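Asker: Listed below are the residues making up each chain.
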Amino acid sequence: MTIEWVHPGLLLIVGAWVLPFLRGRVKRAAMVALPAAALIDCMLMTRGTYGAATLLGYDVVFGRVDGLSLIFAYVFSAMALLGMVYALHVEDDSQHVAALTYAGGALGVTFAGDLLSLYVFWELMAISSAYLVWASRERSAVAAGFRYLLVHVFGGLVLLAGIVIHASQTGSIEFGNMGASSGGLAWSLILVAFLINAAVPPLGAWLPDAYPKATVTGAVFMTAFTTKSAIYVLIRGFPGTELLVWLGAAMAIYGVVYAVLENDARRLLAYHIISQVGYMVCGVGIGTALATNGAAAHAFAHILYKGLLFMGAGAVLQMTGLRKLSDMGGLYKTMPKTLGLYMIGAFAISAVPLFSGFVSKSMIISAAGEEHMSAVFLMLTLASAGTFLHTGLKLPYYMFFGKDSGVRAKEPPTNMLVAMGLAAGACVLIGLFPNLLYSILPDTTVHYVPYTVAHVTITLGMLAFTALGFFLLLAHLDPERTISLDTDWFYRRGTTGLVRLVRGPLLQLEAFVGGIYEFLLRRPVFAVASLLRRFDSRIVDTSLVGIGRSTQTLGEILKRAMTGHIQHYGLLMGAGVLILLAFAVFGL
Amino acid sequence: MSFLERQLEDPVRFRRLKRWFIIGLVLVLLSEIVLPLVFPGDHPHDFRFESIPAWGALYGLLSCVVIILASKLIGKLWLMRREDFYDD
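Chains A and S supply the protein sequences, listed in that same order.
Mapping of the first sequence onto my numbering: residues 1 to 588, in sequence order.
Mapping of the second sequence onto my numbering: residues 1 to 88, in sequence order.
These aren't lab readings, by the way, just hints derived from the structure by calculation.
Any given hint might turn out to be false.
Stated by the list, open to error - With beta-carbon atoms standing in for the labels, derived distance ranges:
#, chain 1, residue 1, chain 2, residue 2, range
1, S, LEU30, A, LYS337, 31 to 41 Å
2, S, ASP87, A, PHE433, 23 to 33 Å
3, S, PHE49, A, VAL428, 30 to 40 Å
4, S, VAL66, A, ALA511, 50 to 60 Å
5, S, PRO53, A, ALA375, 20 to 30 Å
6, A, GLU91, S, GLU83, 50 to 60 Å
7, S, LYS76, A, ILE127, 53 to 63 Å
8, S, ASP87, A, GLU411, 40 to 50 Å
9, S, LEU37, A, ALA52, 40 to 50 Å
10, S, LEU37, A, PHE433, 58 to 68 Å
Just so we're clear, the structure is a prediction, and the values are computed from it rather than from any experiment.
Think of the CB as a built atom: it goes at the ideal place given N, C-alpha and C, for glycine as much as any other residue.
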C-alpha cells in the first residue's frame with residue numbers, strides 16, 4: 001500500500017506530542033525536523049483532491065491541493081520552521097506543542113476543501129494560540145489570553161452559524177467562491193467570522209491586545225497564522241467583494257495612526273500587522289487576478305518579514321526585559337547584529353527596493369491603479385509612508401539609538417540570531433529574485449514587473465522624504481507613557497457601564513417589582529397561611545394530642561401488667577389456655 | 001568602540017553623516033525628476049497626479065507630516081489614556 005498524501009498539518013499536530021518524551025539534543029532535532037518534514041511534504045505534493053470522506057451525510061475534504069492552498073502552505077510551514085528554530089532554547093514543552101498545533105491548524109484550514117473541516121481547524125488555531133498568550137504566565141497576559149479566546153470563540157460561533165445556514169440552504173458544505181449567495185445571511189455570517197480573524201476594525205482590537213502579551217517566541221508564531229489564514233479564506237471565498245476594498249484601505253491607515261501613539265514595541269508592530277493585512281484585504285476586495293495574486297504574494301512576504309520584526313523586538317524584550325520604547329535607547333552599542341537583522345525586516349515591510357515588500361505590496365497598489373481607484377491608491381501609498389515611518393524609523397530610532405538608556409544588553413542566543421538570519425535571507429532573496437515568489441502565485445497568467453525605473457525612483461523619493469519628515473518632526477514622536485483606546489474598550493470597560501446600569505436603574509426596577517410582588521403575592525399568601533396554621537393548631541393538633549394521651553393511658557395500664565415475674569406470666573398464660581378450652585368445650 | 005558608534009558619537013563624523021543624508025535626498029529628488037524623462041516608456045499613467053514632477057517625494061513628505069500631526073491630534077483629544085486605565 002502506498003500512502004498517496006500525508007496531511008502536513010496532521011504531521012505537526014500529532015508529531016508535536018512526541019516532543020515531551022524527548023530530551024536534549026534529540027528534542028531540539030525533532031523540533032526542527034517536524035516543521036521541516038511538513039515543508040518538504042508540501043513541496044513534494046502534487047495538485048489534486050485527497051483525504052475525502054463522508055461525515056454526517058456531507059462530503060468533507062481534508063486535502064484540496066491547488067495553487068492558492070500551496071503558496072500559503074509553503075509559507076506557513078516555512079514560518080513554523082523559523083519559529084521553532086527561534087524557540088529552540090525555550091525549555092517549555094507545552095509552548096512547543098501549542099505552537100506546532102497552531103501551525104498545523106493553519107495548514108488544516110489551508111487544505112480544507114469543505115467548511116466543516118475548515119471549522120474544526122479554525123477552532124483548533126484559536127485554542128492553541130490562546131495558550132501562547134497564557135504561557136507567559138503574567139497576570140495581565142492571562143486576562144488578555146481570555147479576552148483573545150472569547151473573541152475567537154465568538155468568531156467561531158458566527159462561522160458555525162453561517163456554515164449551518166449555508167449547508168441547509170444549499171445542501172452542500174463545499175468551500176469555494178461564496179459569490180453565489182452574496183448578501184445572504186449565511187454569506188454575511190461567514191464573512192464576519194473571517195473578518196474577525198483578519199483583525200479588520202472594528203473587530204480587530206484583539207490583535208494588539210493579545211500579541212504583545214504573548215511569550216517572546218509565541219508572538220512570532222502568532223504574527224503568521226491567524227490573520228494570514230483569514231486572508232487565504234477571503235481570497236478563496238470572497239474575491240471581488242467591494243466592501244473589502246474600503247475596509248482594507250481604511251485598515252491600512254488605522255494601523256498607522258495607532259502606531260504613532262504606541263509606546264510598547266511589540267504592540268506598535270502588532271498595529272502594523274493590521275495595517276499590512278489591510279493591503280491584503282483591499283487586494284481581495286479589488287478581486288482582479290493581479291490583486292488577488294498580490295494579496296497572496298504580500299501574505300507570503302509579510303509572514304517572513306513580520307516574523308523577523310517580532311523576533312527582533314522579542315530578542316530585545318528577552319535580553320533587557322523592556323517592552324516600552326520610552327525605556328530603551330542606545331542598544332545598538334551592544335546588540336548590533338539584532339539591529340542589522342531587524343533593519344532588514346524593516347526595509348522589507350517598508351517596501352524598500354531589493355527587499356521583499358517592494359515586490360509584493362506594489363502588486364496590490366498597482367492593481368488599485370489599473371482599476372483607476374484613485375482614493376484607494378492614495379490611501380495605500382500614504383499608509384506605505386507610515387509603515388516606513390514607524391517600523392523603519394521610529395521603532396529602531398527609539399529602541400536602538402535615541403537617548404542612551406544606559407542598558408547594556410548582550411546579543412540573544414545563537415538560535416534566535418540564526419532564525420532571524422534565515423528570515424532576513426528570505427526577505428532579501430525574494431526582493432532580489434521576485435520570480436521565485438511570482439512562480440508559485442495562484443494565477444499563472446499574471447505577469448508583473450516590479451523593477452521599473454519609475455517605480456523604483458518614485459518609491460525611493462517617497463521613502464527618503466518620509467525620512468526627512470521624520471527627522472524634522474522628531475520632537476513630536478517621542479513615545480509617551482500612555483495606552484490608546486481601541487474597540488476592546490467595549491468589552492473591557494463597557495462592562496463597567498453595564499455594572500452601573502445594574503446597580504442604578506436595574507436595582508430600582510427590582511425594588512418596584514419587589515413591592516408589587518409583596519402586595520400581590522406575599523401578603524395574600526401569608527393570610528392564607530395563618531388561616532391554615534390556626535386550623536392546624538386548633539383541630540389537627542388537638543385531635544392528635546387526644547390520640548396521644550389515650551395511647552399513653554393504655555400504655556400505663558399495660559405497663560402495670562408487665563411485672564417481670566415469670567410466675568405472673570405463667571398464670572396469665574394458664575388463664576388464657578383455660579379460657580380458650582372453655583370456648584372450645586362450650587362451643588361458643 | 002564600534003564603527004557605528006564612532007559615526008554617531010563623534011560630532012565631526014555625525015555632521016558628515018548628516019551631509020550625506022542631505023546629498024542622498026537631493027540625488028533621489030533629481031533622479032525622480034530626470035530619469036522618467038530619460039526613460040519615458042515605463043512611466044505608469046494610471047492617474048494624472050503621478051505625472052507631477054517628484055510626485056513620490058512630495059507625497060512621501062506630505063504623508064509623513066499628515067500622519068504624525070493628525071494621529072497626535074486624535075490621540076491627544078480622544079484615544080490616549082494613562083497606562084493604568086484598564087487596571088482597577
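Asker: Does each hint hold? Answer for all of them.
Answerer: Okay, the hints, checked on the actual structure:
1. S:LEU30 <-> A:LYS337: 31 to 41 Å: Between LEU30 (chain S) and LYS337 (chain A), where Cβ atoms are some 35 Å apart, the hint holds.
2. S:ASP87 <-> A:PHE433: 23 to 33 Å: 50 Å, violated
3. S:PHE49 <-> A:VAL428: 30 to 40 Å: The hint (30 to 40 Å, Cβ to Cβ) holds, given that PHE49 (chain S) and VAL428 (chain A) are roughly 32 Å apart.
4. S:VAL66 <-> A:ALA511: 50 to 60 Å: Hint holds: Cβ distance 55 Å, inside 50 to 60 Å.
5. S:PRO53 <-> A:ALA375: 20 to 30 Å: 23 Å, holds
6. A:GLU91 <-> S:GLU83: 50 to 60 Å: 32 Å, violated
7. S:LYS76 <-> A:ILE127: 53 to 63 Å: Given about 39 Å between the Cβ atoms, the range is violated.
8. S:ASP87 <-> A:GLU411: 40 to 50 Å: 34 Å, violated
9. S:LEU37 <-> A:ALA52: 40 to 50 Å: 60 Å, violated
10. S:LEU37 <-> A:PHE433: 58 to 68 Å: 30 Å, violated
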